[in-house]
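Participant: This is what each chain is made of:
There are 2 protein chains.
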Amino acid sequence: MFTILPIKGYLDQIDGFNCDGISAGLKPSGDKDLGFIYTSTPCDVQAVFTENKFQAAPLKHFLQYEENFKTNFVLINSKNANAMTGKKGIEDINTIFNSLPFDLINPIMSSTGVIGNPLPIEKIVAGAKSFDLSASSGENLSKAIMTTDAYAKTCMYQVNLEDGSSFKIGAVSKGAGMINPNLATMLCFICTDANVPSKDMKEALIVNSETTFNAISVDGDTSTNDTVMLLANKKSNAYDKEAFIEALRLVMHDMAMLMVADGEGAKKAVAFEVINAISTEEAQIVAKALSNSLLVKTALFGEDPNFGRIASTIGASRITCDEETLVISYNDVIVYNKGELCFDGIQEAKASKVLKNDKYKVICDIGLGDSSFTAYGCDLGYKYVEINADYRT
Amino acid sequence: MFTILPIKGYLDQIDGFNCDGISAGLKPSGDKDLGFIYTSTPCDVQAVFTENKFQAAPLKHFLQYEENFKTNFVLINSKNANAMTGKKGIEDINTIFNSLPFDLINPIMSSTGVIGNPLPIEKIVAGAKSFDLSASSGENLSKAIMTTDAYAKTCMYQVNLEDGSSFKIGAVSKGAGMINPNLATMLCFICTDANVPSKDMKEALIVNSETTFNAISVDGDTSTNDTVMLLANKKSNAYDKEAFIEALRLVMHDMAMLMVADGEGAKKAVAFEVINAISTEEAQIVAKALSNSLLVKTALFGEDPNFGRIASTIGASRITCDEETLVISYNDVIVYNKGELCFDGIQEAKASKVLKNDKYKVICDIGLGDSSFTAYGCDLGYKYVEINADYRT
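Line by line, the protein sequences give chains Y and W. Reminder that position 162 of the first sequence reads as 162 in the UniProt record's numbering, one-by-one numbering, no gaps. Reminder that position 189 of the second sequence reads as 189 in the UniProt record's numbering, one-by-one numbering, no gaps.
FYI, nobody ran anything at the bench for these hints, they're computed from the structure. A quick note: this is a predicted structure, and the numbers were derived from the prediction, not measured. No residue lacks a Cβ here, since even glycine has one placed at the ideal position from N, Cα and C. Mixed in with the good hints there might be a few duds.
What the hints assert, rightly or not - Examples of chain Y residues lying across from chain W (beta carbon under 8 Å, computed):
#, residue
1, 223
2, 308
3, 318
4, 341
5, 345
6, 385
Using the sequences and the hints given, assemble the complete structure.
Facilitator: Shown next, in the form of structure tokens:
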């Protein structure tokens, strides 16, 4: 038995973790753009990365370390992704770390921003030199890693175990667009003082990715930099595998939901729940197709219960389906029922009411099996176009 | 040897084809919404349909006829797709044809519009009863089949063969959104007086689909109603297989390009040319991924030469690729060259200039093989959201 309680506070709440964020002049606005996580005791670290074939330089740099290495320092910048920058991208990271006057053990870099420009090394080195590694402002860090995010994303849990011991686990992340299928332009740093064995860390990350980050979509794009990193300094001496996996799942789920709700102008957070498909794989294909369909997303934005677009997307996904077994609902309002026309004025009015909410479910009962999958998506409106038409400027 | 010349005029230019379009009251605006094609001599007819699993009722109705049937009448309505309407959808079509006072041979129906509502049979019957089957206004027909199209789409060619004989081939279509991978919400009716053998008709349609309609994308959705129909009344007695296939390709290419240029608010028609991939299949995957990427589409709208989004989309498509062999250009302006940073102020200014055009190429040289594929897409701006947020109203 264990309990998991949400608590307030940033990463620096966790014993042994320091962090901060500053403005190094990368963002022309003068907003914070460079941050760090530092641990007095070197941490075990595990990460899952983008499936994009063009991994950014910081990912390649990370992967040059031996398996199961320990680190005491993560440097994170926004505004420049250091992706598609060739060998120079990795050299730049080494140059930066070699210029810093700190005692760093296997330092890690993480970047997000525009692809294809060289890192502004001088600004980053000058900024990082000014860091106070004993600082503790998780709030500053959370701001420094933002790009098109409308708000900073963070969460924290305390896990109380049966034997009276406890550990904390929390995260900070960025991500609000290019979020989809297999990770997304998102960075998520999860820190814990749980005494988790290194071998359980990777397993827990992978187990939980499928139903959290890999189930959300803002626009169907997968970036070059996506990273979920788990740092464990073991300071608490408390651990229970089941509790740890569940607490990590909560952290990853919270972060994923905050990202989807911040989907570059999105006003609606929608769960696409596909049930009774013939396999989990097929349920997942449909759920993700729905969360990615432009026609579905614009109809959600227009608060239009145009279930035909949902049906059409299911059919276009080419999974096993039949219009005589399919049932489509918005929350508990059925709008399509196995080919019997049920979409009269009353149902339409009820459905319209559901669509006015900020958060609701689209439930698609395929009616042919017993497998299910839920994907999380959002609407797409003018704001998305505005943000993405001139992101670089 | 043969020559193919574009000529002016609508379908009624072709010997033996009559057509017209009227307002039957389906569109609240009072615009034309019901049209027909009638041939005094029954035609051979072949069609390719959507790959959506939920085929609309008119498609199922067509497929109930025996293979290689002949017809003399196609009835086309806009505003209602007659899709997801169960058995009633097909019964409604039979009811309509049984109510008409014409001598119809295997009549065909074709519908486009909102999914999931029953056909307004009475309005359609009343409208169709008023048809004058000897009318010849291809222009009226081209308007009657429009939904979100900004303009009517039509083309016509005359093919002169070596022996002095000639035939005509022309088309009318609708389609401006939901256009992608394998056909699209698009209807295309191609008529010819070529003396084409029935067996060549289907073959020519399939051969030409891959590089025309199946290569265009507006928003990645595939509808329930997509149809390309070829009607041949053989009146000319002229035929040459090679000439026919090429003329049909021109017709299908013209129609596809008009659809992509009319991509629901699109201002840019962009060819995504992928070259030197290791297989045609991989080239096609990337070309289509680029034409479907929201981040790419919004960057095109913003006239922003943000090649990082193109690179990221190539990487995310998971084809065989390497950042050290990849070259990306806008027309002849190279913006990414095998990892050597070449995107300086001069190249950026040149690239920006290309992006101000209404029409240009994005060329991605994968540098690993010798296969290529070109997909056609468009930008995505505010207008797309406006059109699709409240399409039904």
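Participant: So, for every hint listed, does it hold in this structure?
Facilitator: We went through each hint and held it up to the structure:
{"no.": "1", "hint": "223", "result": "6 Å, holds"}
{"no.": "2", "hint": "308", "result": "2 Å, holds"}
{"no.": "3", "hint": "318", "result": "6 Å, holds"}
{"no.": "4", "hint": "341", "result": "6 Å, holds"}
{"no.": "5", "hint": "345", "result": "12 Å, violated"}
{"no.": "6", "hint": "385", "result": "5 Å, holds"}
The structure does not agree with numbered hint 5 stated previously, though it agrees with all others.
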